[in-house]
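Same order as they appear, the protein sequences are chains A and B.
Each residue of the first sequence is one higher than the one before, starting from 1 at the first, in UniProt numbering.
Each residue of the second sequence is one higher than the one before, starting from 1 at the first, in UniProt numbering.
Read the hints as simulated data drawn from the structure, not as lab findings.
Watch out, some of these pointers could steer you wrong.
A pair counts as met if it fits within one copy or between any two copies, since identical chains are not told apart.
Subject to a maximum C-alpha distance of 27 Å in a straight line, what follows is the list of computed DSSO-like cross-link-like pairs (lysine-lysine) [what the hints assert, rightly or not]:
(1) K116 to K382
(2) K6 to K161
(3) K158 to K137
(4) K403 to K448
As a plain string of letters, each chain reads:
There are 2 protein chains.
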Amino acid sequence: MFNDFKLMDDRPIYIQLKDYLKKKITNGQLLAHQKLPSTRELSKLLSISRNTVLTAYADLEQEGFIFAVKGKGHFVDAVETAKSPAIHLDWTQKTNTTTQLAEALDLMKHGVRRTKEMISFNSIAPDEALFDVENVKRAFLQRMAIEGHIVLNYGYAKGYKPLIDYLLHYMEMKGVDIANKDMLITNGFTEGLDILLSSLQKNSGRILCENPTHHSALKLFKLHGYEVQGIDMEDDGMAIDALDQALSEHTFDLAYLIPSYHNPTGIVTSSEKRMALMRRLSEQQIPIIEDGFNEELRYSGSHLAPLATFAGQGNQVIYVSSFSKILFPGLRVGWILADKALIHSLESVKRARTIHSSTLDQALLYQYLHDGYFEKYLKKVKAAYKKKYECTVYYCKHYLPYKRLAGDGGLHLFIELEDALDARKLLKLCLQKGVSFFPGDVFYTDNKGKNTLRLGFSRLKEEEIALGIQTIGHILKHEYGG
Amino acid sequence: MFNDFKLMDDRPIYIQLKDYLKKKITNGQLLAHQKLPSTRELSKLLSISRNTVLTAYADLEQEGFIFAVKGKGHFVDAVETAKSPAIHLDWTQKTNTTTQLAEALDLMKHGVRRTKEMISFNSIAPDEALFDVENVKRAFLQRMAIEGHIVLNYGYAKGYKPLIDYLLHYMEMKGVDIANKDMLITNGFTEGLDILLSSLQKNSGRILCENPTHHSALKLFKLHGYEVQGIDMEDDGMAIDALDQALSEHTFDLAYLIPSYHNPTGIVTSSEKRMALMRRLSEQQIPIIEDGFNEELRYSGSHLAPLATFAGQGNQVIYVSSFSKILFPGLRVGWILADKALIHSLESVKRARTIHSSTLDQALLYQYLHDGYFEKYLKKVKAAYKKKYECTVYYCKHYLPYKRLAGDGGLHLFIELEDALDARKLLKLCLQKGVSFFPGDVFYTDNKGKNTLRLGFSRLKEEEIALGIQTIGHILKHEYGG
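With the rest of the complex left out, here is chain A (with noise of 0.2 Å):
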């Protein structure tokens, strides 16, 4: 009856051997009252100790599934297993529209599945050979000596207290007038969108942003139903002669912007246009959501303060960021910085949807930053990222006949190839080759774009980069329409 036990993995075999039984009584292999064998029978029997078994069924009788009676041994209890009727739904006709449209949009559904040989500038996530895994585990070891117990029971809604007070402080050190401000801790810059979205007000139920712009955004606000009005791209910022012309026409409950190493054209925003933008949303007194998407990775050139900086004491600007594009996107941790009354808004709001995110990663965020860890992590990345964004521009400018090429810095260029080419169909041709990018046309606001791609460069090694941009060099010079 027993001999069909085996060892499965490396867990405890006591539980192993719990597992092995509960399956054998719910499944009705084992029915209700039958005896079980003695726990000296049952460990001679599978050649295991009698201690693991007597561990196995004192565990069994306190969950239920078995019972002693002394002098007699163990037998099986009454366990449930009657099922009802088994009925079938069909769920793909349950779900609504926009969950539907939250697939079609869904990149990862439809893009093309890399394979490990493959040579592929789609990522833009860090380079995960550059984490330092020692100052995390003496981050996370030091955080839990000093509050273990705190960091694993509920938190706050709007955030771990220490983390919060960090992240002011450095917004501060940026130049941001924090009085009146607060701050609210999301589940990286994304779920901070999704709030913002799902709690603000629609009125003419338009957003402006920049042509093309980051997908996940762009999905959001689709998903939120909202009409995008995007403003093309200049190389130091949104055209500002289009953005009044906009203006002019429309009126918008949100603007969104990011203003360096824009995603996905890497052009940074100077600062003569950052206050000629301030100026122009402030007269309209349009709200502003600044994305503070890879700020931190300026590879030379002068401080370039956020928009919030601009903003003064004033509070139309609602700052969302990350560290997720440097530090550990397996982390979640993000947030909000914005006029008190309106985090004071959105607290309820994300209590109400994840009661908060993960106190465990705040806290190992806040002790890792605390530290200064982070100081020296981020300029070992930058010099890291700084040689192979060199790198990839000087390929850039060697093996490919491109019309523009943009990207001030950052994990990633953007490029324009001639009008009439197809960065689709170049993918195809590409993909047979072993090499793959993304392309351009899923950032855009109005189905522009099918001569664009993006190159994110931040998890391939230099030779892969070399590679990879001579290996699309050649198919757009020789293969491409031949």
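With chain A held as given, fit chain B onto it using these hints.
Okay, now just chain B, sitting in the frame of chain A:
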């Protein structure tokens, strides 16, 4: 000029010096092109090592706050401090009605602030004194040693694969047929429920549940615009005749059920009632959201299978749970076990909203489960909570003049006072004596339950339980209405 430099905290000194200088630059106390003291001068002036100043200057240069001129020293860079005209928006007027409702229903904002000395029966969070922080550390270090780099980088929207596999097996051990099922990892139970309510089609717009029910679930139903129909509870679960009545009068999009240690009543739905519920809801093809809340906290009696087990090969049950009330709620990990096609859709919603849940939380939980710490811990906490449960029952029976007492185990009891009594009035009197509890009316779907209260005992010591209940009893007998 630099004599106001003070060390503020225990962060590295060079970082504090950087912050000090940054602040002077961004607020205009140091002007563009102004010369900074030499590293030697500043180190002497501030009595800190010259290396500290060197590191700070190098960093500030790298970040674009200052620049160096060979042979001449360091100068302040032209950091943008220009401010656009400050505008002030009234954010209280810019949130939508759902957000305003979330604030109105946010118990944390309207509840009583408890003081440290107070005996509070409000919480049903785990007792942090029981946490085995040491094994959490072990599991963390073990997982980081195995794949620290993977744990810290982006993961999958569905969740961390080893954890999903573990939990699928775990559910199978409860007798659930997992063929054609799949799992989505969420930020605790609450996010799971919110994602479901956001994703499923609304037809009748009506949802069926126990009355009273879990407050956070009730809040989410309202925020998602559902009309909620509660069915009264008997000692062994929902009143079946009332259910039949409701089913004959209305159609429902969903049923939400908490079969074990129901919140707030603590009632365990009997095997017979589980079968009866399944049969009726299956007949009407009504999908069931089963809340696995506290299912693991069975102190005695036979094992009771979840509704998901009763469903057999059927796919109408969506099982949502977490270990938050047993293990560590600071780790935000919950799961949805449901039909494969449904999970495939929900995955896109999860990705759009938060990319994925913390990989660190998931990986740590996985290792903790895998290494058998969970089994050991569960035994320990069950023993501890069982004692508190019995203690609470004892004192209620001896000191509280109640009409009905419910709660077969778990972390709380539910008290129904005589009909004419008002638990909120009682609470006011109790607060004056330093005792607090949850008035039960917030759990009701129909504004009833004015005479009910929930007593959470998980975080109290036995002497606090005794004193607290004696106090409530004394007030009821001698002071209420007096």
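Taking the hints in turn, this is what the structure says about them:
no., hint, verdict
1, K116 to K382, "within (26 Å within a copy, 47 Å between copies)"
2, K6 to K161, "between (49 Å within a copy, 23 Å between copies)"
3, K158 to K137, "both (26 Å within a copy, 26 Å between copies)"
4, K403 to K448, "within (15 Å within a copy, 70 Å between copies)"
Checked against the numbered hints listed earlier, the structure breaks none of them; every hint is satisfied.
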